[in-house]
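Undergrad: Take a look at the letters that make up each chain.
There are 2 protein chains.
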Amino acid sequence: MFKNLREKLLGKPLATSAIVMEKLTNLQGLAIFGSDALSSTAYATEEILLVLVAGMASLSIVSVYIALAIAALIFVVAFSYRQVIYEYPQGGGVYNVAIKNLGEYPALIGAASLLIDYVLTAAVSTTAGIAAITSAFPEIYPHRVALGIVVIIFLTWANLRGVRESGKLFALPTYFFLASFFIMIGYGAWKFLNGTFPVSHVTAIPMEPIGALGIVLILHAFASGCAAMTGIEATSNGVGAFQAPESKNAAKTLMWMATVLGIIFLGISSLAFWAKVVPIANETIISQIARLLFDHNIIYYFIQFSTALILLLAANTPFAGFPRVASQLAHDGYFPTQFLNLGSRLVFANGIFLLSLFASLLIFLSQGSVHALIPLYAVGVFLGFSISQFGMIIHWFKKGYGQLKKILINGAGFISTIIVFFIVLYSKFLIGAWILIPAVVLIVFIMKGIKKHYTRTANILSLENNMLPEIMPEKTMIILVQAMDMGALYALKMARSFQPARILALHIATDRAEGEDLKQQWRKYAPDIEIDVLFSEYRDLVNPIINFLKSTDKRWANDRLTLIVPQVALTRWWHYFLHNQTMRRLQLAIDGDPDLNPDIFEVTVKTIIPKSAIR
Amino acid sequence: MFKNLREKLLGKPLATSAIVMEKLTNLQGLAIFGSDALSSTAYATEEILLVLVAGMASLSIVSVYIALAIAALIFVVAFSYRQVIYEYPQGGGVYNVAIKNLGEYPALIGAASLLIDYVLTAAVSTTAGIAAITSAFPEIYPHRVALGIVVIIFLTWANLRGVRESGKLFALPTYFFLASFFIMIGYGAWKFLNGTFPVSHVTAIPMEPIGALGIVLILHAFASGCAAMTGIEATSNGVGAFQAPESKNAAKTLMWMATVLGIIFLGISSLAFWAKVVPIANETIISQIARLLFDHNIIYYFIQFSTALILLLAANTPFAGFPRVASQLAHDGYFPTQFLNLGSRLVFANGIFLLSLFASLLIFLSQGSVHALIPLYAVGVFLGFSISQFGMIIHWFKKGYGQLKKILINGAGFISTIIVFFIVLYSKFLIGAWILIPAVVLIVFIMKGIKKHYTRTANILSLENNMLPEIMPEKTMIILVQAMDMGALYALKMARSFQPARILALHIATDRAEGEDLKQQWRKYAPDIEIDVLFSEYRDLVNPIINFLKSTDKRWANDRLTLIVPQVALTRWWHYFLHNQTMRRLQLAIDGDPDLNPDIFEVTVKTIIPKSAIR
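Those protein sequences? They're chains A and B, same order as listed.
Under the working numbering, think of the first position of the first sequence as 1, with each following residue one higher.
Under the working numbering, think of the first position of the second sequence as 1, with each following residue one higher.
Please note that a few of the clues may not be correct.
Here are the in silico distance ranges between beta carbons for each label pair [what the hints assert, rightly or not]:
#1 A/Leu-68 - B/Leu-361: 52 to 60 Å
#2 A/Ile-298 - B/Gln-581: 46 to 54 Å
#3 B/Glu-516 - A/Ala-72: 18 to 26 Å
#4 B/Asn-547 - A/Asn-282: 54 to 62 Å
#5 A/Ile-280 - B/Phe-445: 50 to 58 Å
#6 B/Thr-455 - A/Glu-139: 55 to 63 Å
#7 B/Phe-353 - A/Ile-153: 20 to 28 Å
#8 B/Phe-353 - A/Leu-5: 21 to 29 Å
#9 A/Asn-282 - B/Gly-195: 48 to 56 Å
#10 B/Gly-432 - A/Gly-11: 33 to 41 Å
#11 A/Ala-458 - B/Asn-4: 28 to 36 Å
#12 A/Leu-68 - B/Trp-157: 53 to 61 Å
In silico lysine-lysine, DSS-like type, Cα no more than 25 Å apart, as pairs [as the list claims (entries may be wrong)]:
#13 A/Lys-493 - B/Lys-554
#14 A/Lys-191 - A/Lys-276
#15 A/Lys-100 - A/Lys-406
#16 B/Lys-448 - B/Lys-100
#17 A/Lys-554 - B/Lys-493
#18 A/Lys-252 - A/Lys-406
#19 A/Lys-252 - A/Lys-405
#20 A/Lys-493 - B/Lys-493
#21 B/Lys-405 - B/Lys-100
#22 B/Lys-550 - A/Lys-12
#23 B/Lys-524 - B/Lys-493
#24 B/Lys-475 - B/Lys-554
#25 A/Lys-191 - A/Lys-23
#26 A/Lys-550 - B/Lys-12
#27 B/Lys-276 - B/Lys-191
#28 A/Lys-550 - A/Lys-475
#29 B/Lys-191 - A/Lys-475
#30 A/Lys-248 - A/Lys-398
#31 A/Lys-493 - B/Lys-475
#32 B/Lys-451 - B/Lys-475
#33 A/Lys-100 - A/Lys-451
#34 B/Lys-493 - A/Lys-475
#35 A/Lys-493 - A/Lys-475
#36 B/Lys-493 - B/Lys-475
The following residues of chain A were derived to be distant from chain B, with all beta-carbon distances above 12 Å [stated by the list, open to error]:
#37 Tyr-175
#38 Asp-332
#39 Ile-418
#40 Pro-438
I should point out that these hints are in silico values taken from the structure, not numbers from a laboratory.
Ideal placement from N, C-alpha and C gives every residue a C-beta, glycine not left out.
Whenever a hint applies, use it, and build me the whole structure from the sequences.
TA: What follows is the structure, encoded as structure tokens:
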């Protein structure tokens, strides 16, 4: 029943041999790997303005200068990643670059920041996509959190089915987005040049400057705008998806992408400055500009819709990236093994679930506000950038002489990104960025712990350093008698057939008279087997059994316990709720008890009930 | 760790011998068993007015006449239950009365209606209690659903700890309530008599009569007002808690309670008529009257607070009643056995959880509206009343002659309650009461199914009609090899020590090369044992194992399979997430497969890892 349901929901299993890599043209590659970075222009300008408006009484050209600085930074980072693409065509994620050049801890810190960023990409892009929709249809604004979580659930479902990164289909939203934004920027620029640019009637509420003025305020705004750079590294993770020569094509695409990203970001920032729009709670800057330029005609809705669509596509990218990194970490022993393997639909299902869980949690905690999530996002991204670029510098040094130009490029990348990292950390520290530090430390700590445990386990299980015991321990079999019935007698007969050193019987009574009665009956049927009837004063069955096992374990020196539990065989799914509940708790308790766990076998004797007798 | 947490949350376990029954004075009994019925006056008048206002353009004295009729009905039912108390002092719930006099199906229908009513009591009382609070503090009205669920969670926690029905403490809210309501009614009557009664400024929005007029409208209103009678039977369930002579004291208390209930209900209905208040969404009738009489002074808040408090107490009563009925049903085989036993704190924990789950669900689905829940509530209550009274009539007939007066009293009770049942069912059918019919049918069907299953199982397990097989089946042992390590070799050695008829080995490979490699290694270490290496094209481990077990099961005629699974012993709780995940899924799959389930033993061989080696 469950299996059929699963197939209906997720589709039929796919054979391992069904993995095929579709090769992408550069234009398709730009659309697919660029969606994450390009879509961030939907909120980056707004983040700059939020800081400036809060800090100054009037709007100024400063926002455009900040956008120019960030556009310059985009090119520095793009040139840096261009080199990563050539050196690590199999996948240039920060973990890979760091583990090869910087060692374990930098790699784990990079991996932790990467995992956090994937979660934030899913949460931020979804939230921003919903914001594009609620700007056009304000009546659904109160439902933004629920909508966001529905989107995450939808993406989870789609990815569990196995979304193939189909170039043609997935490229469309990006093309829509580029078309609509170029139209808006072009039309806006033309209006500005002939002096008919409309100006917003929403005026900034003049506030007291909040202490931060001049350079500090500008740094704050700059830090906020750096959200535009998230996702710029995506191309370096997917070099293998490009047509041959892969590295060259990927590098070319990256540079195109940086150019387009810079133009759109500058364009939006200019439009916002000309239109004198200010951030308000329930309508995005983009929506305000588009409404001023196009009123509520079809182009306005096209802009909002294409913005939502590319953000949905961006929210989808971590569903491929996060599980892949988790799988790589599991392969190296830093993540539980259940993240290692492909599921029946050729996807890493556990990684998808984990991402989905945390992204939903973030959307809920931020109450569907992009602005609340940005601080964490930007810090994590620049931490990853810095580690990656520093790894590249070491890489060039290891490679030897003659790499000066390359060192300079990655050096410029490293220096600028580490500076931005500290700027962002400093300006956003109190409003949320501090969380990143304990979060990264915790994740690194957990990953190290997992690795240590797996290493020790592997050593102990290794055939090389270990010997099996010469003499196997004696067998002490304990029959758990729940009632004097065929199940108990069958279990006894079963135990005898194993020819153990000794057989004991145990019954836990919650009522003294009932216990006495059972003892009498047992003696009639099995006079040669000692039965312990223990009265459980607190009506608990599990703990007295555990205690009995522990004391029995001490009675004989070289023996191993086997607990035989008669159970009723289940022949319908709903029988699950009618039988064997206590035994399930017993099993958990034995598994979880460090004193007992290595010393016991469990044997389940299922009472055979003829199928014909059971409905 | 888990155990400590549980003790912190729920308190230390209590011994069975700690059950003591505190005997209640009549005044305490009135407070405790009366809270459910008395608290329903907080919403019953409002329900009448809701119907009348919707059907007429102006308010009329009709509401007071309806209240009078219901007060008369209260006394008929109270006299009926007076007789139940004398005849069934051990507990006169509808299930008890019906199973002894009417047979299985009426008893199960009664039990189903009782369980539903308990859930509704919890949901309705909580919702109405929250309404009393939000009337005084309108700003928290939007959070009413969340608050309601918090209250249910709080009651769940308190009852899991084991709330002793401490007379002194639990009587207080009822006394507060009685005091505040008598003050309000007395003060209101005095104001009315000297002509200074204030009149509400909220006027009924004149509506078109909605088709229902005259007698039909009055029946609708009457049906709604019958909500006042819910909980009237509570005293008959707790006769044993009274001081000797128990029945006499309980009966006396019941009649007092009916009197007080009638007075308060009539009083509130009169006040509402004098004040000309009409129901509005976010303020209760009680709050409107109290505000008119006392403005917002301390007495107003005292009335709202004591209303909320007695409703909280009423919401608590099903937490004792529901689990007790579930336990009795489990004792008779109609409910899963896990509802039978007292937990470590002397409470029926599973029953508490089930109640809490359904009550929360109802609060959520009704979006915190008492009015939406009332139709279901009243229908279920009167179904229970009717079955109970009919059972009593049969009881008297069985007892023989000379019972005419008693038959007449219960007869009057039966006739009036069955008529009301049909009135309520008819007038509320389309707005929700229809749900009760499939719900009761479903619950009865489930309970019958459970009983049938337990009866068959008991027959099959019974020592009387069954014989053990003379010859035990041969043992075929299958070692599940996950990797070529000490665990696999230890499992093999273990299997040999059981001296089975044959040993097989099985490995599921997701990679062909890896599978070949393992096969070679296995042959080196165990050349005499056949190993099957199966390639899983879909990377699924569980299904290939299940299929192997099924085909192996057919290979030998009289054998039984034993699957030996090497596992890593867990010595820290978090190891749970790092190991044996596939094996847990395998166990579920074997348990849930009707073809396989009766034919297999599972043996878990835990690899011994020295404790010193593990952190």
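Undergrad: For every hint, state whether the structure bears it out.
TA: Results for each hint:
1. A/Leu-68 - B/Leu-361: 52 to 60 Å: holds, 56 Å
2. A/Ile-298 - B/Gln-581: 46 to 54 Å: holds, 52 Å
3. B/Glu-516 - A/Ala-72: 18 to 26 Å: Violated, at about 56 Å.
4. B/Asn-547 - A/Asn-282: 54 to 62 Å: holds, 57 Å
5. A/Ile-280 - B/Phe-445: 50 to 58 Å: The hinted range 50 to 58 Å holds for A/Ile-280 and B/Phe-445, with Cβ atoms some 57 Å apart.
6. B/Thr-455 - A/Glu-139: 55 to 63 Å: holds, 58 Å
7. B/Phe-353 - A/Ile-153: 20 to 28 Å: Once the Cβ atoms are compared, 26 Å apart, the range 20 to 28 Å for A/Ile-153 and B/Phe-353 holds.
8. B/Phe-353 - A/Leu-5: 21 to 29 Å: holds, 26 Å
9. A/Asn-282 - B/Gly-195: 48 to 56 Å: Holds, at about 53 Å.
10. B/Gly-432 - A/Gly-11: 33 to 41 Å: holds, 39 Å
11. A/Ala-458 - B/Asn-4: 28 to 36 Å: holds, 32 Å
12. A/Leu-68 - B/Trp-157: 53 to 61 Å: With Cβ atoms ~59 Å apart, the hint holds.
13. A/Lys-493 - B/Lys-554: OK: A/Lys-493 and B/Lys-554 at ~23 Å, within 25 Å.
14. A/Lys-191 - A/Lys-276: holds, 14 Å
15. A/Lys-100 - A/Lys-406: holds, 18 Å
16. B/Lys-448 - B/Lys-100: Roughly 17 Å between the alpha carbons, so the hint for B/Lys-448 and B/Lys-100 holds.
17. A/Lys-554 - B/Lys-493: This hinted pair holds, its Cα atoms lying about 23 Å apart.
18. A/Lys-252 - A/Lys-406: Given pair A/Lys-252, A/Lys-406 holds - Cα atoms ~17 Å apart, limit 25 Å.
19. A/Lys-252 - A/Lys-405: Since the Cα atoms of A/Lys-252 and A/Lys-405 sit roughly 19 Å apart, the hinted pair holds (cutoff 25 Å).
20. A/Lys-493 - B/Lys-493: Answer holds: A/Lys-493 to B/Lys-493 is near 23 Å, not above 25 Å.
21. B/Lys-405 - B/Lys-100: holds, 21 Å
22. B/Lys-550 - A/Lys-12: At roughly 23 Å apart (the allowed maximum being 25 Å), A/Lys-12 and B/Lys-550 satisfy the hint.
23. B/Lys-524 - B/Lys-493: At roughly 15 Å apart (the allowed maximum being 25 Å), B/Lys-493 and B/Lys-524 satisfy the hint.
24. B/Lys-475 - B/Lys-554: Holds, at roughly 13 Å.
25. A/Lys-191 - A/Lys-23: Distance ~42 Å between A/Lys-191 and A/Lys-23 Cα, so the pair is violated.
26. A/Lys-550 - B/Lys-12: holds, 22 Å
27. B/Lys-276 - B/Lys-191: holds, 14 Å
28. A/Lys-550 - A/Lys-475: holds, 15 Å
29. B/Lys-191 - A/Lys-475: violated, 88 Å
30. A/Lys-248 - A/Lys-398: holds, 23 Å
31. A/Lys-493 - B/Lys-475: Given pair A/Lys-493, B/Lys-475 holds - Cα atoms ~13 Å apart, limit 25 Å.
32. B/Lys-451 - B/Lys-475: violated, 35 Å
33. A/Lys-100 - A/Lys-451: Holds - the C-alpha atoms of A/Lys-451 and A/Lys-100 are around 18 Å apart, at most 25 Å.
34. B/Lys-493 - A/Lys-475: holds, 13 Å
35. A/Lys-493 - A/Lys-475: holds, 16 Å
36. B/Lys-493 - B/Lys-475: holds, 16 Å
37. Tyr-175: holds, 36 Å
38. Asp-332: Check passes; 14 Å lies beyond 12 Å.
39. Ile-418: The claim holds: A/Ile-418 sits with its nearest Cβ about 35 Å from chain B, beyond 12 Å.
40. Pro-438: holds, 19 Å
The earlier numbered hints that this structure contradicts are 3, 25, 29 and 32.
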